[in-house]
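Novice: Read top to bottom, the protein sequences are chains A and B. Take 1 as the starting number for the first sequence in the working numbering and just add one per residue. Take 1 as the starting number for the second sequence in the working numbering and just add one per residue.
Hints were generated in silico from the structure; no laboratory data involved. On a predicted model such as this, the values are computed, not experimentally measured, just so you know. Be a bit skeptical, because a hint or two may be false.
Said to hold, decoys possible - Counterexamples of contact, computed for chain A against chain B with all Cβ distances above 12 Å:
no. : residue
1   : Val42
2   : Ala84
3   : Ile114
4   : Pro138
5   : Arg142
6   : Gly153
7   : Asn169
8   : Val262
9   : Gly315
10  : Leu316
11  : Glu362
Unchecked claim - To give a feel for the contact side, a few chain A residues facing chain B, derived at Cβ under 10 Å:
no. : residue
12  : Pro9
13  : Thr43
14  : Pro252
15  : Pro265
16  : Val339
17  : Ile343
18  : Ala344
Unchecked claim - One side of the interface only, derived from the structure: several residues of chain A facing chain B at Cβ under 8 Å:
no. : residue
19  : Ser36
20  : Val237
21  : Phe248
22  : Gly250
23  : Pro269
24  : Asn271
25  : Trp390
All C-beta atoms, glycine included, are put in the ideal place defined by N, C-alpha and C.
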Amino acid sequence: MATVEAWQPAPSLPPPRTETGWIGWAKANLFGNWLSGLVTVVTVPIILWAVWSMVSWLVGPADWTVITSRPQQYAIGLYPTEHAWRPLIGWLLVSILFGMAAAMWGGAARRIAIGYGVVTVLLGVLPYGMFHEGVVMPWWVRAFILGNLLTLGIGYLLGSNAKTARPRNFVLGGIAIYVLLLLILNGIPGVPGMEEVAPRKWGGLMLNLILAVSGIFFAFPIGILLALGRRSSLPVVKVLCVVFIEVFRGVPLITLLFMSQVLVPLALPANFPVDSVTRAAIVITLFSAAYTAENIRGGLQGLHPGQAEAARALGLPGWQVTMLIQLPQAIRNVIPAIVGQFIALFKDTSLVYIVGMLDILEMGRSIVQGNVQFTDNGRENLIFVAVVFWLFTYTMSYASRRVERRLGVGRR
Amino acid sequence: MRLSLTYQGIPIWRHSRILSWTAQIVSGILVVAAVAFFLSNVSSAMVQRDIPFGFSFLNREYSTPISEHLLPYEESDTFAYAFLVAATNTLMVSVVGVILATMLGIIVGAVQLSGNWVISKVATVYVEVFRNVPLLVQLIFWYILLLGLPPVREGIILFNAIYLNNNAGLSFPWPEGQQRPGLWLLCVVLAIALGIVTKMLLERREERTGRPSCPWLGAIGVVIAGSFVAWLVWVAIGDAPYVMSVPEPAGRFGHPVGGYTISIELTALLVGLIIYTAAFIAEIVRGGLQSVSRGQGEASRSLGLGTMQTLRFVTFPQALRVIVPPMISQYLNLTKNSSLALAIGYADLTSVAKTMTQTAPAVTIFLIIMGIYLLYSLTYSLIGNLYNRHIQFTGG
Chain A
1 MATVEAWQPA PSLPPPRTET GWIGWAKANL FGNWLSGLVT VVTVPIILWA VWSMVSWLVG
61 PADWTVITSR PQQYAIGLYP TEHAWRPLIG WLLVSILFGM AAAMWGGAAR RIAIGYGVVT
121 VLLGVLPYGM FHEGVVMPWW VRAFILGNLL TLGIGYLLGS NAKTARPRNF VLGGIAIYVL
181 LLLILNGIPG VPGMEEVAPR KWGGLMLNLI LAVSGIFFAF PIGILLALGR RSSLPVVKVL
241 CVVFIEVFRG VPLITLLFMS QVLVPLALPA NFPVDSVTRA AIVITLFSAA YTAENIRGGL
301 QGLHPGQAEA ARALGLPGWQ VTMLIQLPQA IRNVIPAIVG QFIALFKDTS LVYIVGMLDI
361 LEMGRSIVQG NVQFTDNGRE NLIFVAVVFW LFTYTMSYAS RRVERRLGVG RR
Chain B
1 MRLSLTYQGI PIWRHSRILS WTAQIVSGIL VVAAVAFFLS NVSSAMVQRD IPFGFSFLNR
61 EYSTPISEHL LPYEESDTFA YAFLVAATNT LMVSVVGVIL ATMLGIIVGA VQLSGNWVIS
121 KVATVYVEVF RNVPLLVQLI FWYILLLGLP PVREGIILFN AIYLNNNAGL SFPWPEGQQR
181 PGLWLLCVVL AIALGIVTKM LLERREERTG RPSCPWLGAI GVVIAGSFVA WLVWVAIGDA
241 PYVMSVPEPA GRFGHPVGGY TISIELTALL VGLIIYTAAF IAEIVRGGLQ SVSRGQGEAS
301 RSLGLGTMQT LRFVTFPQAL RVIVPPMISQ YLNLTKNSSL ALAIGYADLT SVAKTMTQTA
361 PAVTIFLIIM GIYLLYSLTY SLIGNLYNRH IQFTGG
């Protein structure tokens, strides 16, 4: 009896060399058809040339002393030098939040915190001056900067501890740190070393960040109220909200900032002085709130009416239908739009030069214009400012993409 | 019986109609009170500090130069006319910017989706860089870059016709009216009207007979042929209606003569606005094209439509519905962002208004320009929403 051997298929051949590996990749992505091949052949040399000439300018003729000799002014503007430790303390506090977020949410938050730590270390060890040209940065400033690693670690421990790692604690801690930071920067009357430093002396990147965070902080609740008001069935409330939103969205921020300088001081009682920074912050916040309101309204409109109907059928009172059913879903659906709005808000803080504030952009411009040796370094200055803005905005949009993925927006 | 006795109706403080009326009256009173409070403060402060208010200055002579203007302008013109000149400048920046930014944005957005890795990455880098840096930084950057250029004869010269330099700005060829250009333009308008009629007729024919009649091709052909025939008539009578005027450096400083010249301020403003807005438009276009499900294209291909036909009749009309609403808000943003011209010194509405405040009441001036910007915004929204309604899916 002949044994019947089971038929064995021959081992399959490896795919042709030209379809796998980098050759296959190049064939598919660079030379897919004759047009694509032509485009590759034409553009690659142009790109290489452009990158080469840019890099050779950056490392060659470009003179970066305008930045390395005045980091303090880019960071905090004309905030008095003898009080420079106060913003540094504020920075230490903010690092706690980064550490806590990294431990609590992992993923993108952790990656952002790692990048933050790396940048901090670089700022702490890179050689540059501080106050003026040729003045070496004092050791204690570097110690403060590197101290951020410590507070980052403290935040991480707080975020890892099951008792403290609660979103509510994070939010409350964030608010506490925000208030404390403003208090430290502004000074506490009567406490030695904490003399008042009026907000109009704040400047640099610090001012941009404070304006942006304050704007985000207040624009969000105001925007929610406006969105609800615009959808309200009460005609008076609705008309008021519509007029507010359309006026603030219909005019440029610059004209509103001008108005805050000429009209608002007149509109307030004489014994109620508000400095120009606060006025600018209020205008920026209201401007942003009008846009946020439209985003949230979009989210509310996108909800299926069945959600609210079901909630009412279950006996929830009206405010609970809004707060517990509609708003959470609407906000989740428009997170990308809201983050986009907040990025725009951060970019718009560069307009405060209108009211005479020295934010990072205006500070850099006045350094270039005010010093004869730097008159040709306008480009270096602007590239540096652009990179700083870009780092923050890109990080925000990265975080928003990750949050979106986590909440499953668009996948339900 | 007992039930009806104990039932007392909804308590008055929980009756929804009463509640809503109370809320409205209270909020209305609050707002009116706040407005009255602020207005009384404003008026008393104005009286106390002797701040001028009112619109009487509008008939006064402005007597300040406006560096660049589309409409003819003399220093002896009134404030009201100066507002008009400045508003026209802003409108011009807005229209030119919108058209060019849309073109650039669509190209970049389409390139991002192309199969070629190199150019799609270049497009992505472009979008991520220019979208995330404040426009003000970019405008100042372009401005100092242009300021760093050499004067006319050593500046950038393309095809001996386009000059870019630091003293004259950007000069380019421009048609110059020769013999009755207005009458010829009228003929072109007539040809366009004829073209629209042709398109309608051809469309009707296509619907009736089912034979492809290319209504767009026919319409464009009629317009071109009509304008060309009119041109020939002009040439036969004597002179062409327009001649192309090419700029040429003249004199000791080489200021270009002929063609059309715009200042470096306007060039920097337009370049900055277009590059910034196009980055946002590219993202909108990319998102819109990606939002059309792949099955749509596959189905249309399997029905025998070609690549271009699929794009034209299936993918693009559906993508347009997603693209148009955010695109309108980008156009609005561009118009409002043109107010940053103030930072680089182009005479747009905002910077003229800023100069005016030195000789006229500031509050009134800013109220007026806010009104003009609102008018622009509402006009754009209106046109956009009408078009949007036209292309939305009606279920028919």
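Novice: State for each hint whether it applies.
Specialist: Hints, one by one, checked against the model:
Taking the minimum C-beta to C-beta distance to chain B, about 10 Å, the non-interface status of Val42 (chain A) is violated against the 12 Å cut. Chain B leaves Ala84 (chain A) outside its interface by the beta-carbon criterion, the shortest separation being 25 Å against a cut-off of 12 Å. For Ile114 (chain A), the condition that its CB be more than 12 Å from all CB atoms of chain B holds, with the nearest at approximately 21 Å. For Pro138 (chain A), the requirement that its beta carbon stay farther than 12 Å from each beta carbon of chain B is met, with the minimum near 31 Å.
Listed as outside the interface, Arg142 (chain A) is consistent with that label: its C-beta sits roughly 29 Å from the nearest C-beta of chain B, beyond the 12 Å cut-off. Every Cβ of chain B is farther than 12 Å from the Cβ of Gly153 (chain A); the closest lies at roughly 30 Å, confirming the non-interface assignment. Against the 12 Å criterion, Asn169 (chain A) stays outside the reach of chain B, whose nearest CB is about 32 Å from its own CB. The claim that Val262 (chain A) is not at the interface with chain B is violated, since a C-beta of that chain comes within 12 Å of its own (minimum 4 Å).
Annotated as non-interface, Gly315 (chain A) keeps its C-beta farther than 12 Å from every C-beta of chain B; the closest such distance is 15 Å. Against the 12 Å criterion, Leu316 (chain A) stays outside the reach of chain B, whose nearest CB is about 15 Å from its own CB. Some Cβ of chain B comes within 12 Å of the Cβ of Glu362 (chain A); the nearest lies about 9 Å off, and the non-interface call is violated. Proximity of Pro9 (chain A) to chain B is violated relative to the hint, the smallest CB-CB distance being about 33 Å (cut-off 10 Å).
Because the closest C-beta pair between Thr43 (chain A) and chain B is about 6 Å apart, less than 10 Å, the hint holds. Using the Cβ-Cβ criterion of 10 Å, the hint placing Pro252 (chain A) at the interface with chain B is satisfied: the shortest such distance is roughly 4 Å. Below 10 Å, beta-carbon pairs count as interface contacts, and Pro265 (chain A) has one with chain B at about 8 Å; its hint therefore holds. Given the 10 Å rule on beta carbons, the hint for Val339 (chain A) is violated: about 12 Å separates it from the nearest Cβ of chain B.
The restraint placing Ile343 (chain A) at the interface with chain B holds, with a minimum CB-CB distance near 7 Å, inside the 10 Å limit. Residue-level restraint check for Ala344 (chain A) holds (minimum Cβ-Cβ distance to chain B is 9 Å; threshold 10 Å). About 4 Å separates the beta-carbon of Ser36 (chain A) from the nearest beta-carbon of chain B, less than 8 Å, and the hint is met. The restraint placing Val237 (chain A) at the interface with chain B holds, with a minimum CB-CB distance near 6 Å, inside the 8 Å limit.
Taking 8 Å as the C-beta cut-off, the interface hint given for Phe248 (chain A) is violated, the closest approach to chain B being about 10 Å. Contact between Gly250 (chain A) and chain B, as hinted, is supported at the beta carbon level, the nearest pair being about 4 Å apart and thus within 8 Å. For Pro269 (chain A), the suggested interface contact is upheld, since its CB lies about 6 Å from the closest CB of chain B, less than 8 Å. Given hint, Asn271 (chain A) at the interface with chain B, is violated; its Cβ is 11 Å from that chain's nearest Cβ, farther than 8 Å.
A cut of 8 Å between beta carbons decides the hint on Trp390 (chain A): the least distance to chain B is about 5 Å, and the hint holds.
Comparing the model with each earlier hint shows violations of hints 1, 8, 11, 12, 16, 21 and 24; every other hint is respected.
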